[in-house]
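Fit chain B to the supplied structure of chain A, relying on the hints for placement.
The listed protein sequences correspond, in order, to chains A and B.
Residue 135 in this note's numbering sits at position 135 of the first sequence, and the numbers go up by one each step.
Residue 321 in this note's numbering sits at position 321 of the second sequence, and the numbers go up by one each step.
Just so you know, these hints were derived from the structure itself, not from any lab.
This structure is a prediction, so every number in the text was calculated from the model and none was measured.
For each residue, glycine too, the CB sits at the ideal point set by N, CA and C.
Careful, some of the hints might be misleading.
From chain A, some residues computed to sit far from chain B (all C-beta separations above 10 angstroms) [as the list claims (entries may be wrong)]:
| id | residue |
| --- | --- |
| 1 | T7 |
| 2 | S22 |
| 3 | Q53 |
| 4 | D54 |
| 5 | M58 |
| 6 | I66 |
| 7 | E88 |
| 8 | T105 |
| 9 | Q107 |
| 10 | R118 |
| 11 | R140 |
| 12 | G157 |
| 13 | P176 |
| 14 | E220 |
| 15 | A228 |
| 16 | P240 |
Calculated lysine to aspartate or glutamate pairs in the DMTMM-like style (CA-CA distance at most 25 angstroms, straight line) [to be verified]:
| id | chain 1 | residue 1 | chain 2 | residue 2 |
| --- | --- | --- | --- | --- |
| 17 | A | K77 | B | E251 |
| 18 | A | K93 | A | E78 |
| 19 | B | K128 | A | E78 |
| 20 | B | K2 | B | D327 |
| 21 | A | K93 | A | D123 |
| 22 | B | K76 | B | D319 |
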Amino acid sequence: MLDFYGTTLANGFMLGTAQYPSPAILADAFRRSGASVATVSLRRESGQDRAGQDFWQMIRALDVHILPNTAGCHSVKEAVTTAHMAREVFDTKWIKLEVIGEEDTLQPDVFGLVEATRILTEDGFQVFPYTTEDLVVADRLLHAGCEVLMPWGAPIGSGLGLNNLFGLRAMRAHFPDVPLVIDAGLGLPSQAAQAMELGFDAVLLNTAVAKAGDPAAMAEAFATAIRAGQLAAAADPMEPRDMAAPSTPVIGKAFLS
Amino acid sequence: MKNVTVIGAGVAGLCVARTLLDRGARVTLIDRQRDLGPAACSWWAGGMLAPFCEGESAEEPVVRLGQEAADWWEAKTQAVHRHGSLVVSPARDRSELTRFARRTSGFREVSAPEIDALEPDLGGRFSKGLFFESEAHLAPREALQRLRASVLADGAEFVEADADPADHATRGLTVDCRGFQARADLPDLRGVKGEMLVLSCPDVSLSRPIRLLHPRIPLYIVPRGDGVFMLGATMIEGQAGRHVTARALLELLSAAYALNPAFGEAEVLEIGVDSRPAFADNIPRIRQSGNLIRANGLYRHGFLLAPALARMVTERIFDNTTPEVMDETAT
Chain A
1 MLDFYGTTLA
11 NGFMLGTAQY
21 PSPAILADAF
31 RRSGASVATV
41 SLRRESGQDR
51 AGQDFWQMIR
61 ALDVHILPNT
71 AGCHSVKEAV
81 TTAHMAREVF
91 DTKWIKLEVI
101 GEEDTLQPDV
111 FGLVEATRIL
121 TEDGFQVFPY
131 TTEDLVVADR
141 LLHAGCEVLM
151 PWGAPIGSGL
161 GLNNLFGLRA
171 MRAHFPDVPL
181 VIDAGLGLPS
191 QAAQAMELGF
201 DAVLLNTAVA
211 KAGDPAAMAE
221 AFATAIRAGQ
231 LAAAADPMEP
241 RDMAAPSTPV
251 IGKAFLS
Chain B
1 MKNVTVIGAG
11 VAGLCVARTL
21 LDRGARVTLI
31 DRQRDLGPAA
41 CSWWAGGMLA
51 PFCEGESAEE
61 PVVRLGQEAA
71 DWWEAKTQAV
81 HRHGSLVVSP
91 ARDRSELTRF
101 ARRTSGFREV
111 SAPEIDALEP
121 DLGGRFSKGL
131 FFESEAHLAP
141 REALQRLRAS
151 VLADGAEFVE
161 ADADPADHAT
171 RGLTVDCRGF
181 QARADLPDLR
191 GVKGEMLVLS
201 CPDVSLSRPI
211 RLLHPRIPLY
221 IVPRGDGVFM
231 LGATMIEGQA
241 GRHVTARALL
251 ELLSAAYALN
261 PAFGEAEVLE
271 IGVDSRPAFA
281 DNIPRIRQSG
291 NLIRANGLYR
301 HGFLLAPALA
311 RMVTERIFDN
321 TTPEVMDETA
331 T
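Just chain A, with the same shape it has in the complex:
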């Protein structure tokens, strides 16, 4: 159904693995979500001795596609090193590339992002770039070898939803054939549904589920919303209009007044 670098995903739900109250709750959230992709951060959970083995083993046992990420990397070099480590640990070419440019908003350093993409693509990686809705940057990323784009909805962990609807619509219209994923900023299922209604192919989120009071229930809520949005987009929604359009005939009324 959805093609990401030749891999078909069953649905448009990518779920992060950080910040859950416990691994048991994480596993439960994944079961309820039916998410087809798990993102996992290497940098925070490792250290020089790669001590995250237990945790990584548990992520593998979720039995979904694994998308390692370079979360927390602030430079091209850091991101490239982390990507190599990820390939070794998870035996995958996929890498969610994050090069953070600003500490308060965690917005991407798009210059570093393009450079790191070029390096990693030449090295055989399949890059999922965490980017903004900027069309010029998006174009550069595609030229650097990306076959997927992941614009933010809002700053990471903010839960603000889709901040720049115009920009995201423009991006969808501008790149009709590129798989587009909303990455970051979602707080509520309705926002995920909205992203899918705009025609995005998937959403990626973490905090909204992990930090919910009942992460597993919230995971299911997001899965349901994503499915609803996806169905709605495929069903060709009506166009909004300014005046009422009665759904039943209005006979005997002076409707041309």
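For chain B alone, kept in the frame of chain A given last:
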């Protein structure tokens, strides 16, 4: 009289030994180390007895069982300070405080003047907080030393040895309280790395543990008295290496600085790193196979849950009850 060997003399082993002695058992305590020290995860504990605060992310049994802790430690060690705990957040992260309040109970909201009255050295920096009046804290090393002294004074025999619990159980009733050291025998036990600092900062005075909420860097600071503070703690999936990371130091220190810039002048007395033993749901477990009982998985709740875990182990031994944290699957 029941003869019981307890292997591991950290917080779990000492609490089990104490409760067994209280019921009249003859106890032998075995540990690799002759003295209490940094090899035990509990050596590096914060010592917060804060069951209600833990309810923010922990499951119900932690909140309920943790309420036994303050009275127990007070009775056994007289090392408990009952001044409550205070939770604050920087103004821009106010939503963290709202979220924390929604997930917990047993607190009252406090305003700037009330925070000022509770902790004058936080004065003016926080406009809103949560005060958990019934919570307590202790100095872990002092409490462990007192507990150990009382256990030995009441007749427990101490043996310095690297004992194998399974082998030992062939000769008599054995309780394995080795924490993360038992990992080879408990395949579902994992390590959760924690990093912490001990600071000396005589310019700052605090009466109770303070939790500073932050979306990425939650921190607590526990006063040890005499201008000494324990600052913790990172929570990272994975077994700890030998060294603390620069990132952890940066995060911990910058959070302390946010609490009070005077921490910039603090001297760093100790830097600690260790692995907390935890099961998948971060709740402790008791498992029995014949003469061998394993009590493990206290996670970040060593001082908070060890009294309840010890009580359940002892009830198992003396009353043959099935504790709520007992697994059916024996290993």
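- Verdict on A:Q107 as a residue remote from chain B, using beta-carbon distances over 10 angstroms: A:Q107 clear of chain B: closest Cβ-Cβ about 15 angstroms, beyond 10 angstroms.
- Cβ separation check - A:T105 to all of chain B, threshold 10 angstroms: Given that every Cβ of chain B is farther than 10 angstroms from that of A:T105, nearest at about 12 angstroms, it holds.
- Task: Determine whether the non-interface label on A:G157 survives the test: each CB of chain B must be over 10 angstroms from its CB.
- Result: violated, 6 angstroms
- Query: Regarding the assertion that A:I66 does not contact chain B, is the least Cβ-Cβ distance greater than 10 angstroms?
  - Reply: Label holds. Min Cβ-Cβ 15 angstroms, cutoff 10 angstroms.
- Measuring Cβ to Cβ, find out whether A:P176 lies farther than 10 angstroms from everything in chain B. holds, 36 angstroms
- Just checking, A:Q53 versus chain B, shortest CB gap more than 10 angstroms? A:Q53 not clear of chain B: closest Cβ-Cβ about 7 angstroms, inside 10 angstroms.
- Message: Checking one constraint from the list: CA of A:K93 to CA of A:E78, max 25 angstroms. Satisfied?
- Response: holds, 17 angstroms
- Query: When you look at the beta carbon of A:R118, is every beta carbon of chain B farther off than 10 angstroms?
  - Reply: holds, 27 angstroms
- Claimed clearance of chain B by A:T7, with the beta carbon kept past 10 angstroms: holds, 26 angstroms
- Task: Given the hint that B:K76 pairs with B:D319, test it: the Cα-Cα distance must not exceed 25 angstroms.
- Result: holds, 22 angstroms
- Task: Quick one: work out the minimum CB distance from A:E220 to chain B and report holds if it exceeds 10 angstroms, violated otherwise.
- Result: holds, 19 angstroms
- Task: Would you check the hint for A:K93 and A:D123, treating anything up to 25 angstroms between C-alpha atoms as holding?
- Result: holds, 10 angstroms
Of the numbered hints listed earlier, those contradicted by the structure are 2, 3, 4, 5, 12, 19.
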